[in-house]
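Each chain is listed here by its residues.
Number of protein chains: 2
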Amino acid sequence: MSNNVNRQFRLKSRPVGKIKTTDFDLVEEPVPTPGPGEAVIRNLYLSLDPTNRIWMSDMDQYMPPVEIGAVMRGGGIGKVVASNSDAYKVGDTVSGLLGWQDYYVAGPNDEIPVGVLPAELPVGLPTMLGACGLTGLTAYFGLLELGQPKAGETVVVSAAAGAVGSVVGQIAKLNGCRTVGIAGGPEKCKWIVEELGFDAAVDYKAPDWREQLEAVTPDGIDVNFENVGGEIMEAVMARMNLFSRMPLCGMISGYNTDEPMRGDFSPILMRRINVRGFIVTDFMEKYAEATMELATWVATGKIKSQETIVEGLENAPTAVNKLFEGENLGKLVVKIADE
Amino acid sequence: MSNNVNRQFRLKSRPVGKIKTTDFDLVEEPVPTPGPGEAVIRNLYLSLDPTNRIWMSDMDQYMPPVEIGAVMRGGGIGKVVASNSDAYKVGDTVSGLLGWQDYYVAGPNDEIPVGVLPAELPVGLPTMLGACGLTGLTAYFGLLELGQPKAGETVVVSAAAGAVGSVVGQIAKLNGCRTVGIAGGPEKCKWIVEELGFDAAVDYKAPDWREQLEAVTPDGIDVNFENVGGEIMEAVMARMNLFSRMPLCGMISGYNTDEPMRGDFSPILMRRINVRGFIVTDFMEKYAEATMELATWVATGKIKSQETIVEGLENAPTAVNKLFEGENLGKLVVKIADE
Chain X
1 MSNNVNRQFR LKSRPVGKIK TTDFDLVEEP VPTPGPGEAV IRNLYLSLDP
51 TNRIWMSDMD QYMPPVEIGA VMRGGGIGKV VASNSDAYKV GDTVSGLLGW
101 QDYYVAGPND EIPVGVLPAE LPVGLPTMLG ACGLTGLTAY FGLLELGQPK
151 AGETVVVSAA AGAVGSVVGQ IAKLNGCRTV GIAGGPEKCK WIVEELGFDA
201 AVDYKAPDWR EQLEAVTPDG IDVNFENVGG EIMEAVMARM NLFSRMPLCG
251 MISGYNTDEP MRGDFSPILM RRINVRGFIV TDFMEKYAEA TMELATWVAT
301 GKIKSQETIV EGLENAPTAV NKLFEGENLG KLVVKIADE
Chain G
1 MSNNVNRQFR LKSRPVGKIK TTDFDLVEEP VPTPGPGEAV IRNLYLSLDP
51 TNRIWMSDMD QYMPPVEIGA VMRGGGIGKV VASNSDAYKV GDTVSGLLGW
101 QDYYVAGPND EIPVGVLPAE LPVGLPTMLG ACGLTGLTAY FGLLELGQPK
151 AGETVVVSAA AGAVGSVVGQ IAKLNGCRTV GIAGGPEKCK WIVEELGFDA
201 AVDYKAPDWR EQLEAVTPDG IDVNFENVGG EIMEAVMARM NLFSRMPLCG
251 MISGYNTDEP MRGDFSPILM RRINVRGFIV TDFMEKYAEA TMELATWVAT
301 GKIKSQETIV EGLENAPTAV NKLFEGENLG KLVVKIADE
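Chains as they are written, first to last, in the numbering used here: chain X, 1 to 339; chain G, 1 to 339.
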């Protein structure tokens, strides 16, 4: 743990394929001091997300790519340790795009302002990055606003043991849907069914995964919450029903390549599927209400929250690859410092 | 012209690639007589549509494929020449799935009932198959219900000189949109701009079509009415704006192949595009009102209707290929008999 320096991961080159430590410079700077109107934040937890990989590339994307030489962009939670700002007081817990570093300087010119969390939180800080944070909100809005699930319908979610997918499946169950998760390996499949209450799981690492998918969706699929893309997406789409819905949240299988992320459009046409891409910030004006609902569900045990915590900022570049290799259960978080 | 026999094109084999005459048997039967509750219709005009090619194949589709040995399915307009039915009287003009034949027997067991047209029609019969028929309705509902065009927005339509595309562009203009059509060859491009009032055209047969598309969509694309699929669809999608809409009406470029009709999904994700497949029958309950509006537009010259008429039922199999080679202007119709 470093308290006297601010370690920063600066993007050195755009990764080709899997992310390598050598794609970053790890530099040390003095701990910053706040200028007028600014506050300095000690970062505590860093959120690792598939979108990190997108930001490292120059593919068509939601936000500008991280510039070469800039501190790697990343969501996180921290504590205000020094402040010349009316917006932040020392001791406040905050969340925002704090970056892959020990300290962040928040100021009035932040493009996306860092937000102050309530003093009393119903859940731990990692959960505030996961099921009660942007990850949970992604699941919430994508499923409920775009997926429009009705009781009795079949909802399929890919990357179902991941941060978003595990919450999607649990919200679908709360809405009375038959819920099928696609996950890699028997342990994850067992976990989403036995611990999270999914109706069924498909192990995409098993040679018979297509037959498994067919067997557990006898009435077709009404909502496909898509996180993965590629051949899994095509196999799911081939079983989607007339007038079904497909919130397109991500296509992680394609982020490590430079190829277009192609798939068959014909089921969209023939089955009149409604496909809608989205990002959680599209629903920003509804965050407060949804966060409250998610926190209540987690606090009352209706939604089980799970985090995989990696110790040490220095491990961020290697840890982020876990997302692409399916090594994490639930939300993947790097612990940077003690609370 | 044959008056004593009923010529029928019966599907002999599923076409591989381009449709061949030898994919059909042309058989002659006696002119049918109506059984109890039935009426016999003399077919006058046959509608040729891209969906004919789909019906000939066994790809995933809207309706069951035409069975081998069955009369080829097709929309048409005809006149009732004999009737034992309360629903039809001799002399009525009717439209429906009359098939590739001289005579159709309508009855109470028709899966999709043949409809009686009003005695006084504001436009000619070919137009009742085109701009004021299912083709016009396809343009109308796809654009207005799913495309949700707003004044000042940019609407792009592929196959713009075709039956659906030419109407889409004109309705978009009526709604105050910047309207861009993609068509094959300088004549069609000139026609949609100078005759139909499109703001711009892109000639996809020109080597610089991608640059043309870029030049005429300086503010990106808000609605893509997609008829074609393939590389044209991908190029258009690459220029679609945030929260743009894409009614998916057809992907004619893929119908002559057995390959999945793939395209890049990443713009859907990154630009939050709403893609919705549809078929005109999804909006059946609104046909009457929309047909009235279309007929008014055509009758008052606000929408120009254009038909390419091929003489003689015997030419149907070769004529349908015109759709895939872009040889028709507007609606492609086969004239079977004099009115």
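Don't take every hint at face value.
A short list of chain G residues far from chain X (calculated; beta carbon distances all over 10 angstroms) [as the list claims (entries may be wrong)]:
| no. | residue |
| --- | --- |
| 1 | 69 |
| 2 | 193 |
| 3 | 322 |
Derived list of chain X stretches under chain G, where covered just means 3 residues or more per stretch with a C-beta under 8 angstroms from a C-beta of chain G [stated by the list, open to error]:
| no. | stretch |
| --- | --- |
| 4 | 95 to 106 |
| 5 | 124 to 136 |
| 6 | 248 to 261 |
| 7 | 309 to 315 |
Read the hints as simulated data drawn from the structure, not as lab findings. Source: prediction; values computed, not measured. Idealized CB from N, CA, C, for every residue including glycine.
Evaluation of the provided hints:
Residue-level check passed: residue 69 of chain G sits 24 angstroms from the nearest beta carbon of chain X, beyond 10 angstroms. With a cut of 10 angstroms on Cβ distances, residue 193 of chain G stays outside the contact zone with chain X, its closest approach being about 28 angstroms. At the 10 angstroms boundary, the C-beta of residue 322 of chain G stays outside the reach of chain X, the nearest C-beta of that chain being 22 angstroms off. Under the rule that three or more residues need a Cβ within less than 8 angstroms of chain G, the assignment of the stretch 95 to 106 of chain X is violated, with 0 such residues.
As drawn, the stretch 124 to 136 of chain X meets chain G at 0 residues by the rule of a beta-carbon pair under 8 angstroms; below three, the given contact is violated. Counting residues of the stretch 248 to 261 of chain X whose C-beta sits closer than 8 angstroms to any C-beta of chain G gives 7, which meets the bar of three, so the coverage hint holds. Residues of the stretch 309 to 315 of chain X lying with their CB closer than 8 angstroms to a CB of chain G number 0, which falls below the three-residue condition for coverage.
Checked against the numbered hints listed earlier, the structure breaks hints 4, 5, 7; every other hint is satisfied.
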